[in-house]
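Trainee: Okay, here's what each chain looks like letter by letter:
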Amino acid sequence: MEIKLFGITKDIVGSDIISVPEDVHVGNVRELKSWLYIQYPPLKELSALAIAVEHTYAVDTTLLEKSNEIALIPPVSGG
Amino acid sequence: MEIKLFGITKDIVGSDIISVPEDVHVGNVRELKSWLYIQYPPLKELSALAIAVEHTYAVDTTLLEKSNEIALIPPVSGG
Amino acid sequence: MIKLVTTIDINEAYAELQHAEAGGLSLFIGTVRNHAGGKSGVVQLDFEGYEPMAVKEMEVLAAKAKARWPIKKLVMIHALGAKKVGDPVVIIGTSTAHRKDAFESCEFLIDELKKSVPIWKKEHFDDQTVWVNAHP
Amino acid sequence: MIKLVTTIDINEAYAELQHAEAGGLSLFIGTVRNHAGGKSGVVQLDFEGYEPMAVKEMEVLAAKAKARWPIKKLVMIHALGAKKVGDPVVIIGTSTAHRKDAFESCEFLIDELKKSVPIWKKEHFDDQTVWVNAHP
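Chains as they are written, first to last, in the working numbering: chain A, 1 to 79; chain B, 1 to 79; chain C, 1 to 136; chain D, 1 to 136.
If we strip away everything but chain A, and leave its shape as in the complex, we get (with noise of 0.2 angstroms):
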């Protein structure tokens, strides 16, 4: 599974993409975002972190299929 990165997330994990390893089950959006918190304690200190699935925002109990395009969606500053 892979996460694309955004803004302050890419500067954070020093990377644009996190490739969560094939042993590590993340189900739902609920369970990535605790397993990313561990690996990337820096994420917890930002206003706010979304995940968006297929291009749209998910919850935390939106399910995610390795097949899913998942990002980190730090809060956004545009306009």
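Computed list of lysine-lysine pairs in DSS-like fashion (alpha-carbon distance at most 25 angstroms, straight line):
no., chain 1, residue 1, chain 2, residue 2
1, D, Lys72, C, Lys100
2, D, Lys83, D, Lys115
3, B, Lys33, B, Lys10
4, C, Lys115, C, Lys73
5, B, Lys10, C, Lys56
6, D, Lys83, D, Lys122
7, D, Lys72, C, Lys83
8, A, Lys10, D, Lys122
9, A, Lys10, D, Lys84
10, A, Lys4, D, Lys115
11, A, Lys10, D, Lys3
12, A, Lys66, A, Lys10
If you want the ones that stay clear, here's a sample from chain A, every Cβ over 12 angstroms from chain D, calculated:
no., residue
13, Gly14
14, Ile18
15, Glu22
16, Val24
17, Ser34
18, Tyr37
19, Glu65
Per the computed footprint, the stretches of chain C lying under chain B, defined by three or more beta-carbons under 8 angstroms from a beta-carbon of chain B, are:
no., segment
20, 115-122
21, 126-134
No lab work stands behind these hints: they were computed from the structure.
As the structure is a computational prediction, the values presented were derived from the model and not from experiment.
Backbone N, C-alpha and C define an ideal beta-carbon position, used for all residues, glycine too.
Position chains B, C and D relative to chain A; hints supplied.
Mentor: Same frame as chain A, but now just chains B, C and D:
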């Protein structure tokens, strides 16, 4: 005393100016409006009719001097 | 920038509204519609103004807006003469540090312009001409 | 017209908003300010977007606005990449028969864009760089 005309008042009067005869005394806006309504009854049918003195909206009690720039302001419709 | 013109130039208005401390810029552009007062078939409009008074009234409105909102730059431009459907006839713009002030002041200025600035619109339909707002 | 671009073209947006039945057109243009968060000295900004999702989110907002106001034409254009003070970074426009609808829908769209469209702004000051809004 001369009165500038705009918009529909020009059509009603058939000119872009009214010359108030020397022997007619109109000392303020109220008196001028009374005289105008007698001379040009269709002016009474307008939604509203304001008088401008020196490029400023005048009130009924505004005094009129022969040297003033005076104009009839029918309902505006700019924009 | 407050003025009466023959042809509205949007780029001129935008250039005038630039200000290093402005983050938001609200522009309102009024154009000629092809229907008016429930009647379709407007083919042309003529705008007539009492020019010195119209400019003076716009300046009064600008002063009121500047007293109420922290406006960096302000534009009020109205076209006079013959206009076709789709032509811009008025452009109002304000630039401010924060966008809410820009929206509010821009809307205030066009609302007030329509109430008090001595400019008159004559609508030419296929079959008649009408001075807008003249009669109840 | 909804898109992400390198350079904002105001004339393109204005042309797109033309509609024979539209009497009023509200445009909002967001530009780069020289100060931010109480700190002066912004020398440059970089805008990064999650492009397919940003376009999709703008389309969702446009659909919401169209459900709420009788919008004839709508424009949402955001710039990405490096911008200098004064550069336009976003342009939102709506045209409607009556101006109140144009103002309200335009303000709604920029307010919502700033809340949900995945675009990020990095401010370069003389002495540091900051991802805006990232931290409390």
